[in-house]
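Quick note, the sequences are listed as chains R and F, same order. For the first sequence, the positions run 1 to 331 when full-length UniProt numbering is used. For the second sequence, the positions run 1 to 433 when full-length UniProt numbering is used.
You may find that some hints are simply not true.
[As the list claims (entries may be wrong)] Derived Cβ-Cβ restraints for the label pairs, each shown as a range: (1) Val44(R) - Pro76(F): 25 to 35 Å; (2) Glu377(F) - Ala150(R): 49 to 59 Å; (3) Trp196(R) - Gly67(F): 53 to 63 Å; (4) Leu141(R) - Thr188(F): 48 to 58 Å; (5) Ser36(R) - Lys35(F): 47 to 57 Å; (6) Lys61(F) - Val174(R): 48 to 58 Å; (7) Asp291(F) - Val174(R): 37 to 47 Å; (8) Val44(R) - Lys35(F): 24 to 34 Å; (9) Ser223(F) - Asp192(R): 34 to 44 Å; (10) Trp196(R) - Asn82(F): 27 to 37 Å; (11) Asp342(F) - Trp196(R): 37 to 47 Å; (12) Asp221(F) - Thr79(R): 47 to 57 Å.
None of these hints come from the bench; they were simulated from the model. Please read all numbers here as calculations on a predicted model, not as lab measurements. Each residue gets a CB set at the ideal place from its N, CA and C atoms; glycine is no exception.
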Amino acid sequence: MATSTTAPGARPDRRDPRVGRPAPARARRPRRPRRSFLPYLLLVPAVVLELGIHVIPMLVGVWMSLLELTQFHIRDWSTAPFIGLDNYRATLNFHTAAGRELLHSFWITLLYTLLSVGLAWLLGIAGAVVLQRPFRGRAILRALFLTPYALPVYTAVITWSFLLQRDTGLVNHVLVDQLGLLNDKPFWLIGDNSFWSLLVVSVWRNWPFAFLCLMAGLQNVPDELHEAAAIDGAGFWRRLRSVTLPMLRPVNLVLLLVLFLWTFNDFNTPYVLFGGSAPEQADLISIHIYRSSFKTWDFGSGSAMSVALLFFLLVVSAGYLLITNRRRDHA
Amino acid sequence: MSTRRHLGILTVAVLAAASLTACGGSGDDAGGSGKTLTYWASNQGASIEADKTILQPELDKFEKQTGIKVNLEVVPWSDLLNKLLAAATSGQGPDVVNIGNTWSASLQATGALVEFDDATLQAVGGKDRFVPAALAAAGAPGKPPAAVPLYSLAYALYYNKKAFADAGITAPPTTWEQLAEYGKKLSTGDRWGLAIEGANPNENAHHAFAFGQQYGGEWFDSSGKPTFDTPQNVSAVKRYVDFMATDKISNPSNAEYAQNQSVSDFANGKAAMLLWQAAGSNLKTQNMPADAYGVAPVPFLATPPAGGKKVNSMVAGINMAIFKHTKNKDASLNFVKFMTSDEEQTVLNKTYGSLPAVKTVGTDPAFSAPEQKVLQETLSTTAAPLPQVPDESTFETLVGTAIKELFADAASGRPVTEESVKKKLSDAQQKMR
Chain R
1 MATSTTAPGA RPDRRDPRVG RPAPARARRP RRPRRSFLPY LLLVPAVVLE LGIHVIPMLV
61 GVWMSLLELT QFHIRDWSTA PFIGLDNYRA TLNFHTAAGR ELLHSFWITL LYTLLSVGLA
121 WLLGIAGAVV LQRPFRGRAI LRALFLTPYA LPVYTAVITW SFLLQRDTGL VNHVLVDQLG
181 LLNDKPFWLI GDNSFWSLLV VSVWRNWPFA FLCLMAGLQN VPDELHEAAA IDGAGFWRRL
241 RSVTLPMLRP VNLVLLLVLF LWTFNDFNTP YVLFGGSAPE QADLISIHIY RSSFKTWDFG
301 SGSAMSVALL FFLLVVSAGY LLITNRRRDH A
Chain F
1 MSTRRHLGIL TVAVLAAASL TACGGSGDDA GGSGKTLTYW ASNQGASIEA DKTILQPELD
61 KFEKQTGIKV NLEVVPWSDL LNKLLAAATS GQGPDVVNIG NTWSASLQAT GALVEFDDAT
121 LQAVGGKDRF VPAALAAAGA PGKPPAAVPL YSLAYALYYN KKAFADAGIT APPTTWEQLA
181 EYGKKLSTGD RWGLAIEGAN PNENAHHAFA FGQQYGGEWF DSSGKPTFDT PQNVSAVKRY
241 VDFMATDKIS NPSNAEYAQN QSVSDFANGK AAMLLWQAAG SNLKTQNMPA DAYGVAPVPF
301 LATPPAGGKK VNSMVAGINM AIFKHTKNKD ASLNFVKFMT SDEEQTVLNK TYGSLPAVKT
361 VGTDPAFSAP EQKVLQETLS TTAAPLPQVP DESTFETLVG TAIKELFADA ASGRPVTEES
421 VKKKLSDAQQ KMR
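I would like the entire structure built from these sequences, with the hints used as guidance.
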């Protein structure tokens, strides 16, 4: 999706060959296509779906954030009083408990996302590089690595929540009873450890996707480049840095953005792992918003938080794309 | 760069982030063609499957009598309120539902439930059929009830007879001080004194209410405004959490419990005491024989502070409500009438170990078993209804979650002090609008 804006097709526009060129260049200009309605017609289904699935619900969300949409009004939204920006004032006021918790949740989520994406990417690139050369058992390892991605998220995360129970979980059984590494059984799902548990589960779930994308990307790196670099005396790390990674740049651009957005918005993992109300230390923003709207039946302020978050992600995504594009322009 | 590319980037960014606000309530398809009803039952038995086995024969009986088919769905407690809310919002969903009676006023405020005014009540047998205290917990005072009571429940103290005998304790505790003292004697090796469902907000909130009453606290003032962080409520919550934090008679692992593990712990002898509503049927399915445990009223404070009330349980129970969006209101009323009939009240309450919500069948010998006697006595003398205000369900969620976090603190060795309790309760109160 993100690549479409940076598609190679856009290049001739920018480096306009016409400027300062002699007249014959004009002859190479492509013929102006005939006006036809067919392309537009073909776009209609996509546009309709796009409107119905993304744009309209989003606008409804924005509208909801301007209403006092509590249990008294959810049955008939037209009765909900229009309160303008009051929801934003209430939820984004960081002097109140609700605002402080939202801010806390925001920082937690940011940290969680950066760590999770970073680790998932590192594991992904390591796995992809290791499995690049054919060897016996490569196919089996590939399949094995992709298993977390193939499992249904609920099943996988529920299993994790069983593993991480304090008294009956396998993790403590191994760490405390079998290996004797710890004297006392720690909690994994409440308190400070809950953040790390969540991170581990998230990385476990996400890295196969990074692995898959990077593995595909590596197929496009010509062997000749590696060979040439090797002849020039480049070692493994040097080749990784100067050949593999630059060639993977287009893949990484998209991969990191998508992983970032997915992880930032991840709802299923914390919801299933912590059962609807996450501990403070792992109170991700998606769960926080869910609690603020569903559990307290205040959909207006929940929507206000969502819209604020939408705006944040919009800025981040746009900034990211701008920066990466500009770099590419100057490259 | 061209404006078009800016626009392109913006579009991509919007689309990528769009999924955030695009979450909506899920609405199940409405059942309502001809004479078919959809019924969401709450999870009363040991499991969803057990409930289906118990309820299906009764629904078949109803179909035989009236020709109305009832499609049953048993909804776990963790999902029930959300699903009801989604049904209320979308105007789609079941015809008849079970609701926790404490949610009555909250759901009533949505206007999605059929009002049981006198005429409607007449259609299900008349107002006088129902136990007054149970009917009072079916909606805000002064308004027609939003539901009718189906099963009545109260909290009781369950204790392991053998564990008590082994520890040389002859009678169940009647005060919290005794409970803490006995609990210490009973906590040995693999066994703990008291099992607590610490990660279940609703359980926590129910106890917060009863403790609050004993300390003379109220969670809402007379105008329906929250008063969560009064000194009385702080003491009440601290008393409850202290069973784990300072008395150390509860396994720290209980801070993780939200799937009735505390009942299992009690049934398996890992805990000697349990505060629960009609645990008997659940204990039976977990192979704990009825003579292995005793049932006693929930304790009180030895010296109640000024204003303290003699309340040791909420008026607990399950109500039955009809959604206004039903296309089969008459059939729905018919079904409610059937479920609250003498015969069904006897059969179902007997199976679930709860008490009938109608006056006419209380004399059945099944309801004078030791457990039911305690529940009956509690309900008629020392139980009080949770505040029937629209914000009640929010109270349960916010205060219950605050207590869950306090248990997490206690479990991980962080101190639970007056200040930390007060802060949690103040924060919860600030989130009320």
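These are the hints, each one checked on the structure:
1. A hinted range of 25 to 35 Å is violated for the C-beta pair Val44(R) and Pro76(F), which are about 43 Å apart.
2. Between Glu377(F) and Ala150(R), the C-beta spacing of about 57 Å keeps the proposed range 49 to 59 Å intact.
3. Checking the proposed 53 to 63 Å range against Trp196(R) and Gly67(F) shows it holds: the Cβ atoms sit about 59 Å from each other.
4. Separated by about 50 Å at the C-beta atoms, Leu141(R) and Thr188(F) satisfy the suggested range of 48 to 58 Å.
5. With their beta carbons about 56 Å apart, Ser36(R) and Lys35(F) fall inside the hinted range of 47 to 57 Å.
6. Restraint check, Lys61(F) to Val174(R): a C-beta distance of roughly 52 Å satisfies the suggested window 48 to 58 Å.
7. A hinted range of 37 to 47 Å for the beta carbons of Asp291(F) and Val174(R) is consistent with their spacing of about 39 Å.
8. For the pair Val44(R) and Lys35(F), the supplied restraint of 24 to 34 Å is violated, since their beta-carbon distance comes to about 43 Å.
9. Look at Ser223(F) against Asp192(R): about 41 Å separates their beta carbons, and that is inside 34 to 44 Å.
10. Restraint check, Trp196(R) to Asn82(F): a C-beta distance of roughly 29 Å satisfies the suggested window 27 to 37 Å.
11. As the Cβ distance of Asp342(F) to Trp196(R) is approximately 57 Å, the hint placing it in 37 to 47 Å is violated.
12. Range check, Asp221(F) to Thr79(R): Cβ separation about 26 Å, and the 47 to 57 Å hint is violated.
Taken one by one, the earlier hints fail for this structure at numbers 1, 8, 11 and 12, listed in ascending order.
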